[in-house]
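Peer 1: We have chain A already, so just place chains B and C on it with the hints.
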Amino acid sequence: MKKLIELHHINKSFDDQVILDDFNLYINENEFITLVGPSGCGKTTLLRIIGGLESVDEGQVIFDGKDITKLEPNERTINTVFQKYALFPHLNVYENIAFGLRLKKVNEKEIEELVKWSLKLVNLNNYEDRKIDSLSGGQQQRVAIARAIVNKPKVLLLDEPLGALDLKLRQNMQYELKELQKKLHITFIFVTHDQEEALSMSDTVVVMNSGLIQQIGTPEDIYNEPKNRFVANFIGESNIIRGKYLGDKLVEFENVVFECVDTNFEKDEICDVVIRPEDFDVVSLDKAKLIGIVTDKVFKGVHYELCVDINGKEYIVHTYEEAEINSQLGLAIDPFEIHLMKVPQIEKA
Amino acid sequence: MIKKFLTTLILIIGILLLYIPILIIMLLSFNNSQRPYEFNGLTFKWYTQIFSDNSLFSAIINSWSIAICATIIATILGIFIALAINRMKQKYKPFVMFLNNMPILNADIVTGVSLMIIFTLLGFTFGRFTMLLAHIFFCIPFVVLSILPRLKQLDNNAYDAARDLGCTHMQAIRKVIIPGIKIGILTGALIAFTMSIDDFIISYYTTGEGFSNFSTWIYSRLNRRTFNPAAYAYNSIITIGSLLILIYINIGIRPGGKKIEKN
Amino acid sequence: MKKHNIILPLYIIWLIILVLIPFILMLILSFAHTDGLDFSNISFSLTNFKEIIDPVYFDAYANSIILSFLASLICLLLAYPIALTITKFKNNKLKNIILIMFILPMWSNMLLRIIGWETLFQPNSILNYFDISLNLIGSPIAVVIGMVSTYLPFMIFPIYTVLNKIDPAVIEASYDLGATKTQTLRRVIFPLSLPGIYSGITMTFLPSATNFALPERLSAGKINLLGNLINSNFGKTFDYGFGSLLSVILITIIFILTIFINRKDKDGDLLL
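In order, the protein sequence lines correspond to chains A, B and C. Heads up, the first sequence is in my numbering, so the first residue is 1 and it goes up one at a time. Heads up, the second sequence is in my numbering, so the first residue is 1 and it goes up one at a time. Heads up, the third sequence is in my numbering, so the first residue is 1 and it goes up one at a time.
Source of the hints: derived by calculation from the structure; they are not laboratory data. Computed from a predicted structure; not experimentally measured. Take every hint as true, because none was put in to throw you off.
As a list, the in silico EDC-like pairs of lysine to aspartate or glutamate whose alpha-carbon atoms are at most 20 Å apart:
(1) A:Lys154 with C:Glu172
(2) A:Lys70 with C:Glu172
(3) C:Lys88 with A:Glu54
(4) C:Lys181 with A:Glu72
(5) C:Lys93 with A:Asp15
(6) C:Lys90 with A:Asp16
(7) B:Lys152 with A:Asp133
(8) C:Lys90 with A:Asp15
(9) A:Lys116 with A:Glu128
(10) C:Lys88 with A:Glu72
(11) A:Lys84 with C:Asp167
(12) A:Lys104 with C:Glu172
(13) A:Lys84 with C:Glu172
(14) C:Lys88 with A:Asp15
(15) A:Lys152 with C:Glu172
(16) C:Lys181 with A:Glu75
(17) C:Lys165 with A:Asp133
(18) C:Lys236 with B:Glu209
(19) B:Lys3 with A:Glu72
So that you can see chain A by itself, here it is in the shape it has in the complex:
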């Protein structure tokens, strides 16, 4: 795969507040990459820097081998789908989509074909003459996407484009966007604070927090092998327990020794153990490695969410079977479901 965008040592602050701190990232051709993190983590700023809407304090933006750091947004072959669509209220659907083409002096016949083509891609056939304020939020979203892709950019930037839509519509659009990216064969850089959205759409997920990359990887990597507590907590639900690596793929926590699959730890090294709520197996008490008391129970549709008290600490367990509150519960964990994380140097002392 070819590197399409390279960000080198990007620094950016607003009024003494550091937004991006020596930020480095590569983005490949035809990749669906998602920047995910809590609000204020710098993901939108990063997107605006790539689009040219924000300047950098230091660092370089390389696009297709060329330095575009100093280029104005209109000089970049990158297009953006804005958060609240930012459609031109004085133009109809056709003219909104044709806006970029007219600037490039494309002839009218070609414009007409391209507008039709892009409207078809976003499933809005025959909407050319509609006024913007007569469209629903979902339809405006589609026009915003069509307006960007009609210019055939190599990269499409999407800034939380689904944030204003309701759940059902959002799920449909997630699927459609993924399909669109496959059809168009271009790079999508998608920004969201919704971790589920990030996992279900992307080839690559970049988890960000306070201007730094926490982890880059495929959705599976990020979910199954979070690198640190932030990622483990932000992506899905986690039980994080302090433990000790005993060597030979053995780890001890809650005074019980478990088998695991990680090896890159020293003997007797303190580590954090991550267990996803759905990775606990509920077993009979005589087979259990951990025994706790059920303190709370919520029915979630597919499963029950239980709060289980083990040695005074609270664990979250997902199970298909119902359990009585105040009853004892036996739990076991498969070795490959136990994920160990390094403990930050400061906390070891």
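Peer 2: What follows is chains B and C alone, placed relative to chain A:
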């Protein structure tokens, strides 16, 4: 570079166009000579004459009393009218809004003549009362127009929530709606006051029996010996005074406000 | 929510008495000859309509249209860049100071501001001390300068209001789609600010054409505008019929403009 130079130039031309006459008035207010084309020394005598020239002083007082009364009455009425318009059926709204906007859009002279005709036919004696009535008439639309957008922004459920929590109708308006549209009320009152105190043409057509405000006083004495340059002095005091008040409001309060924002 | 039902009907009656009835009266007077408002000797005829096309008045019509148009155009050419510059100020303090600078002159009496220009335009003025004599009184230039100076703020504020309301993301979207700054101004910002321009023109053109005191002072009575015609008919010659006809024509123009503006500006907040 050229663009920046041009916009700065335009900004300066705009400011000059607005301020040259004001500066000349100030200059005249200190001019010892009563003839505007010669300048023979500084004087403060016109400033003391503001109070000693009875006809001028009473015109100034009339301007203020009419403006204050018209503003207060128009603001109170405007609040309730805006509330009622906001709730009325969409079908009749354009008609009421059209009638409401007419005094704003209409040429002052047509408004003045219209009022003169109707006041004559109603048998009113022209003077303080008719002028006040006219000022209330053209002030209400400004108040209504500045409150309506604020009412639209106000959450429709706020009134219902207040009623649900035990407010009477009037309490709900006083405790929830009025605070919500406060800025609109203040802007409306300010515009109404500005329009009223500076009005000339409508006042000219609706006054009588020797009752004059500052503008009609000036107009009736132009080119006459009874014109007193103390009018320049009064106008200069008002200009400087309003400058100081505006600076105080906009700059004096802002630093504290900014601190709160940062925290 | 039904308790305020009285205030609205009362206000509508008030507006009908003070807006609609005078209009109907003037409409009747347009076809009539009376002695002021004494209707006892009323006679109906079309003489007012004949009088209106009397070439004696053509100068006033032409002056009204040309001079007010020029003044509005100059106001627009000055106000647009000024309003645009004000919206671009990032420093709020500075922005407020500039805004105040354009509001402040309105607190100075309009007649006195006109007299300010008048003293400057006289052949004998304080400028004589610098060996300058503008001697503009009586010229159309003096009238136009007076109009621009008086009504410029009324052009700046509606335009500023619309420009300020434009979503910054829409402008960014334009750059993103390949537009330069000039292209964005022409294709996005300008069309979106049209309602402000329309309202600004209404707030400058009509008052310019109907303010009788301004041409009286700055042209020494040599240039007559619509306002002077109406004023002399109602105030001096008591020819109410002819004055009414002129007023009715003005109201009709305003009526058409109102409908036009209402269509563009649904909130009605551009009139302030």
